[in-house]
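Peer 1: In case you want the letters, here they are:
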Amino acid sequence: MISSVLFIILSLVIIVTAMLSLYFRDLLASIVSYAVMSLVLTVVYFHLDAPDVAIAEAAIGAALTISIFVLTIKLTRRREE
Amino acid sequence: MSDFFLYVTVVLLIFFGLSAVLFKRNLIKIVIALNILEAGVNLFFISIAYRPEGTAPIFTLAPELEKLRMVLPTPQALILTNIVIGFATTALMLVFAVFTYRNNGTLDIRNLKGVEDHD
Amino acid sequence: MKLASFLSLVLITGFLFVSINKLHPVGSPMGNPDALKDRGTAVTDIKNVSTMDDYYLRNSQTETGSNNVVASIVFDYRGFDTLGEATVLFLVVTSISMLLSLLYKREDVDDYEFRKPNEFPGDVSRIISYGSYLLYPLIITFGVYLVIHGHLSPGGGFQGGAVMASGTALLLVSALITRHVHRTRRIFSFFESLGLTIFISMGFAGIGTTFLYNFLAQGSASLFGRAIPFGPNPGYLNSGGMLPVLSFAIGVEVFFGLSIILVSLFHVARHRKDPE
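Chains as they are written, first to last, in our numbering: chain A, 1 to 81; chain B, 1001 to 1119; chain C, 2001 to 2276.
Honestly, the hints are just simulated from the structure, not real lab data. These figures come from a predicted structure and were not determined experimentally. All C-beta atoms, glycine included, are put in the ideal place defined by N, C-alpha and C. Among these hints, one or two may not hold up.
Here are the in silico distance ranges between beta carbons for each label pair [stated by the list, open to error]:
1) B/1064 <-> A/16: 39 to 49 Å
2) C/2140 <-> B/1052: 31 to 41 Å
3) A/16 <-> B/1113: 18 to 28 Å
4) B/1052 <-> C/2022: 18 to 28 Å
5) C/2134 <-> B/1104: 35 to 45 Å
6) B/1108 <-> C/2134: 12 to 22 Å
7) C/2237 <-> A/80: 29 to 39 Å
8) A/29 <-> C/2223: 25 to 35 Å
9) C/2102 <-> A/39: 32 to 42 Å
Facing chain B, from chain C, some residues (calculated, C-beta under 7 Å) [claimed, not checked]:
10) 2070
11) 2089
12) 2231
13) 2232
14) 2235
15) 2237
16) 2238
In silico PhoX-like pairs for lysine-lysine, Cα to Cα no more than 25 Å straight-line [what the hints assert, rightly or not]:
17) B/1067 <-> C/2047
18) B/1113 <-> B/1024
19) C/2002 <-> B/1024
20) B/1113 <-> A/74
21) A/74 <-> B/1067
22) B/1113 <-> C/2002
23) C/2022 <-> C/2037
24) C/2037 <-> B/1067
With the sequences and hints as input, model every part of the structure.
Peer 2: In structure tokens, the structure reads:
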């Protein structure tokens, strides 16, 4: 009972942050929202008894992907359109 | 219904990612949407391998043999390499976005022209 | 045009919603949940084993000698897929490095040296400079720990390599860089190729039976050949056969490959003005 309530709350946070990251016009804000989604996804992977996948998602989705995106935004524009 | 909630999350993530690929105009937004699509597919694989009374598939300091039930290990092994490949693909797409901006001055996909010929 | 794509999107999502009713509910996949209980002492036991995952859960510890079932699937039972993945990563790193070298200019030379925390330029805050100076060795140690203990605890080559590459990202963000940072590319690409070469050579070393055969598994008199009985145990480092060697090779390749991507992109981005 507790675990399914936990899964429902975390899944709602994932969906909301994914929607927000596609809604913002400032690209830096959408990248930060994507990083929050990746972090909550790591917690969901841990509660689904997959520690290997959780470590990989934490290191790659939350640390490396956003540094690549920030470097790209520095080379192009920051605001959409 | 609460049994299927993880699957509903997967379908919603795929829907948002696919709709942003079809309807957004900025190239970097499209790359972010492809990443969200990939996160949805990874979550699907991990959630079909779950047993509520099970533990992680590791024998070091595991509970004793009478109470030992494990989740399925094969989808986790497939998703492990998929995450690293997803990062490499994203990096290559972003390098193409940098070159597109240098050649066209904009990242709007409606206003792109071809690359000049360098002889 | 937009109407057609919207209708196809609704159709695809409708199909997905219909098909999740046909799946099993979350929490009861196929297979025998009591596959680990009544097991003999043979090396391979296939009594009452009906699916592939039951076979892996029951027999991977005694056949390969490692405690981590996921790592034994990635490096031993499905090692060929890992070779394909390492090749894809190598290809992507090569093409990114080749494309971004078109944007370098000869006169963009970094003139910083490796700094102590009290010599940083004025625009880097104290918290970032001191914190990164203290945090970087811990990150590298944690990554090396994950790579070496891949067959005992959650970890392995991919996770350890990714954690060490995030240490490189910390180095670039906090201005702890060395002189001529673009020249590190040559050393990094040598070590990345070395990692992939070690993986392929270990695959060919057991070619008497098959490619990527675990010839150092338990029973053989080698460094990683300790015999592991079935069941929970505290974990012994000299077990696992070929798994620690392959894990080390993949960790080296992933770390240096991802670092090449970060350093190349950073060097191009360094000499541009900030966007509006």
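Peer 1: Each hint needs a verdict: does it hold in this structure or not?
Peer 2: Okay, the hints, checked on the actual structure:
1. Taking the beta carbon of each, residue 1064 of chain B and residue 16 of chain A are about 41 Å apart, inside 39 to 49 Å as hinted.
2. Judged by the Cβ atoms, the range 31 to 41 Å given for residue 2140 of chain C and residue 1052 of chain B holds: they are separated by roughly 38 Å.
3. Restraint check, residue 16 of chain A to residue 1113 of chain B: a C-beta distance of roughly 38 Å breaks the suggested window 18 to 28 Å.
4. Remark: the range hint 18 to 28 Å for residue 1052 of chain B to residue 2022 of chain C is upheld by a beta-carbon distance near 21 Å.
5. For the hinted restraint 35 to 45 Å between residue 2134 of chain C and residue 1104 of chain B, the CB-CB distance of approximately 44 Å keeps it satisfied.
6. Separation of residue 1108 of chain B from residue 2134 of chain C is about 44 Å and departs from the stated range, judged on CB atoms against 12 to 22 Å.
7. The beta-carbon spacing between residue 2237 of chain C and residue 80 of chain A, approximately 51 Å, falls outside the hinted interval of 29 to 39 Å.
8. Between residue 29 of chain A and residue 2223 of chain C the beta carbons are some 51 Å apart, a value that contradicts the proposed interval 25 to 35 Å.
9. Judged by the Cβ atoms, the range 32 to 42 Å given for residue 2102 of chain C and residue 39 of chain A holds: they are separated by roughly 35 Å.
10. Taking 7 Å as the C-beta contact cut-off toward chain B, the hint placing residue 2070 of chain C at the interface holds, the least distance being around 5 Å.
11. A distance limit of 7 Å between C-beta atoms decides the matter here; for residue 2089 of chain C the minimum to chain B is near 5 Å, and the interface restraint holds.
12. For the restraint placing residue 2231 of chain C at the interface with chain B, the shortest Cβ-Cβ distance is roughly 6 Å, inside the 7 Å limit, so the hint holds.
13. Taking 7 Å as the C-beta contact cut-off toward chain B, the hint placing residue 2232 of chain C at the interface holds, the least distance being around 4 Å.
14. Against a cut-off of 7 Å between C-beta atoms, the interface hint on residue 2235 of chain C holds, since the closest Cβ of chain B lies about 4 Å away.
15. Taking 7 Å as the C-beta cut-off, the interface hint given for residue 2237 of chain C is violated, the closest approach to chain B being about 11 Å.
16. Of the supplied interface hints, the one on residue 2238 of chain C is violated, with its beta-carbon coming no nearer than about 14 Å to a beta-carbon of chain B, more than 7 Å.
17. Between residue 1067 of chain B and residue 2047 of chain C the alpha-carbon distance is near 19 Å, which keeps this suggested pair within the 25 Å criterion.
18. Of the pairs offered as hints, the one joining residue 1113 of chain B and residue 1024 of chain B holds, with about 18 Å between alpha carbons and a cut-off of 25 Å not exceeded.
19. At roughly 12 Å between alpha-carbon atoms, residue 2002 of chain C and residue 1024 of chain B fall within 25 Å of each other, so this suggested pair holds.
20. Between residue 1113 of chain B and residue 74 of chain A, the direct Cα distance comes to roughly 23 Å. Compliance with the 25 Å bound is thereby established for this hinted pair.
21. Between the alpha carbons of residue 74 of chain A and residue 1067 of chain B the distance comes to roughly 54 Å, so the proposed pair goes past 25 Å and is violated.
22. Straight-line distance between C-alpha atoms of residue 1113 of chain B and residue 2002 of chain C comes to about 22 Å, which keeps the hinted pair within the 25 Å bound.
23. The suggested pairing of residue 2022 of chain C with residue 2037 of chain C is violated, with an alpha-carbon distance near 30 Å, which exceeds 25 Å.
24. Of the pairs offered as hints, the one joining residue 2037 of chain C and residue 1067 of chain B holds, with about 8 Å between alpha carbons and a cut-off of 25 Å not exceeded.
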